[in-house]
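Throughout the sequence shown, residue numbering follows our numbering, covering 1 to 107 in sequence.
Among the hints, erroneous ones may be present.
[As the list claims (entries may be wrong)] Simulated DEER-style distance windows between Cβ atoms: (1) 81 - 19: 37 to 43 Å; (2) 21 - 91: 56 to 62 Å; (3) 66 - 92: 21 to 27 Å; (4) 98 - 66: 17 to 23 Å; (5) 22 - 98: 46 to 52 Å; (6) 24 - 79: 20 to 26 Å; (7) 83 - 23: 57 to 63 Å.
[As the list claims (entries may be wrong)] Quick list of in silico lysine to any residue cross-link-like pairs, SDA-like style, CA-CA up to 20 Å: (8) 79 - 69; (9) 70 - 85; (10) 70 - 83; (11) 79 - 90; (12) 70 - 56; (13) 75 - 92; (14) 75 - 91; (15) 2 - 23; (16) 75 - 94.
Hints are computed from structural coordinates only; laboratory data are not their basis. Keep in mind the model is a prediction, meaning the values are calculated, not measured. Using N, Cα and C, we set each Cβ at its ideal position, and we do this for glycine too.
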Amino acid sequence: MKTLIDVLAALSDFVKIASEWAESASKAEVETFTQIYPQKEEAVKKAVEKSVTLEEVRSVLANLSRSGQKETVLKLLQKYGGSRLSEVPPERYAALFADAQEAAHAE
């Protein structure tokens with residue numbers, strides 16, 4: 001009978017130690033996961049900003065200008081920080097591109 005009690009005590013100690021280890025491992029796993037995989041919104045925002053190039057923005061603005069919307073082009077450039085496309089910061093290309101496309105579809 002004493003052997004059974006010893007085995008159960010050892011098993012209880014093992015379960016306690018294993019659960020403490022699992023809890024600490026889970027916390028470390030979550031921290032590692034968060035570091036490896038950035039927040040979804042940040043990742044999407046960065047992807048959108050990087051996916052629009054200067055050439056794409058220039059193309060849509062040139063099409064607007066050719067279709068007689070030079071005033072719109074100038075207003076858009078001023079809205080995003082410049083009087084020429086070269087003065088617009090690259091991180092604002094995505095927003096400028098979206099507004100320019102919207103203006104092109106509005107005509």
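Each hint, compared with the structure:
Between residue 81 and residue 19 the beta carbons are some 56 Å apart, a value that contradicts the proposed interval 37 to 43 Å. Taking 56 to 62 Å as the suggested C-beta distance range, the pair residue 21 and residue 91 does not conform, at roughly 45 Å. Range check, residue 66 to residue 92: about 23 Å between beta-carbon atoms, so the 21 to 27 Å window is met. Between residue 98 and residue 66 the Cβ separation comes to about 20 Å, which falls inside the hinted range of 17 to 23 Å.
Range check, residue 22 to residue 98: about 47 Å between beta-carbon atoms, so the 46 to 52 Å window is met. Between residue 24 and residue 79 the C-beta distance comes to about 52 Å, which lies outside the given range of 20 to 26 Å. With their beta carbons about 59 Å apart, residue 83 and residue 23 fall inside the hinted range of 57 to 63 Å. Among the hinted pairs, residue 79 with residue 69 is consistent with the structure: their alpha-carbon atoms are about 15 Å apart, no more than 20 Å.
Of the supplied pair hints, the one linking residue 70 and residue 85 holds, its CA atoms being roughly 13 Å apart against a limit of 20 Å. In summary, the hint linking residue 70 to residue 83 is supported, as the alpha carbons are separated by about 12 Å, within the 20 Å threshold. Our distance criterion of 20 Å between C-alpha atoms is met by residue 79 and residue 90, whose separation comes to about 14 Å. Straight-line distance between C-alpha atoms of residue 70 and residue 56 comes to about 17 Å, which keeps the hinted pair within the 20 Å bound.
About 15 Å separates the Cα atoms of residue 75 and residue 92, which keeps this hinted pair within 20 Å; it holds. Restraint check: the Cα-Cα separation between residue 75 and residue 91 comes to about 18 Å, which is no more than 20 Å; the hinted pair holds. Among the hinted pairs, residue 2 with residue 23 is inconsistent with the structure: their alpha-carbon atoms are about 32 Å apart, more than 20 Å. A C-alpha spacing of about 16 Å is found between residue 75 and residue 94, which places the hinted pair at or below 20 Å, so the restraint holds.
The structure fails to meet hints 1, 2, 6 and 15 from the earlier list, while all remaining hints are met.
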